[in-house]
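Using the working numbering, read the sequence shown as starting at 1 and increasing by one per residue.
Derived from the structure by calculation, the hints contain no laboratory data. Incorrect hints may have been included.
[What the hints assert, rightly or not] Restraint ranges, calculated between C-beta atoms of paired labels, are given here:
1. 92 - 128: 38 to 44 Å
2. 41 - 104: 25 to 31 Å
3. 15 - 46: 17 to 23 Å
4. 131 - 19: 29 to 35 Å
5. 52 - 9: 17 to 23 Å
6. 51 - 21: 23 to 29 Å
7. 80 - 123: 35 to 41 Å
8. 39 - 78: 19 to 25 Å
9. 108 - 136: 30 to 36 Å
We put the CB at the ideal spot given by N, CA and C, even for glycine.
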Amino acid sequence: MKGSVPFLASLIKKLEVDFAIDFMTLSSYAGKSANTGNLKVIMDLDTDIKNRDVLIVEDIIDSGVTLAKVEKMLKERNPKSLSIVTLMDKPHNREVNLKVDYACFLVENYFLVGFGLDYKEKLRNLPYIGIMDEKFIDLNE
């Protein structure tokens, strides 16, 4: 959720339909920088999405494993429609079949920070998106 806030804030300024915003907080990283494949719902939606048009807003989609699980979970709640929009998509890293309806940017396999994307909960506040230098990334923490 945290990473998508800047993108969501920019996106809603362009929407010309009535909408409600709700949040889910999920974790698949267990404190590490790599996806574990395990999904934990930390905070669920407050809104009943049955028969509603739902747009999942993501900051970045990498393997797609977590998002595919979220999509399945939300489809079980019978929304009228369910679409996915992301600021950045890494389709070359996809490990599951996932239809991304809208992607602003297709990106290569870099560790990106800024505009909501973090490294150890830092650098989210950068007003741009940058590539994190590999020499500063510790994946063994």
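Evaluation of the provided hints:
no.	hint	verdict
1	92 - 128: 38 to 44 Å	violated, 23 Å
2	41 - 104: 25 to 31 Å	holds, 26 Å
3	15 - 46: 17 to 23 Å	holds, 20 Å
4	131 - 19: 29 to 35 Å	holds, 33 Å
5	52 - 9: 17 to 23 Å	holds, 22 Å
6	51 - 21: 23 to 29 Å	violated, 18 Å
7	80 - 123: 35 to 41 Å	holds, 38 Å
8	39 - 78: 19 to 25 Å	holds, 20 Å
9	108 - 136: 30 to 36 Å	violated, 18 Å
Against the hints set out earlier in the document, violations occur for numbers 1, 6 and 9.
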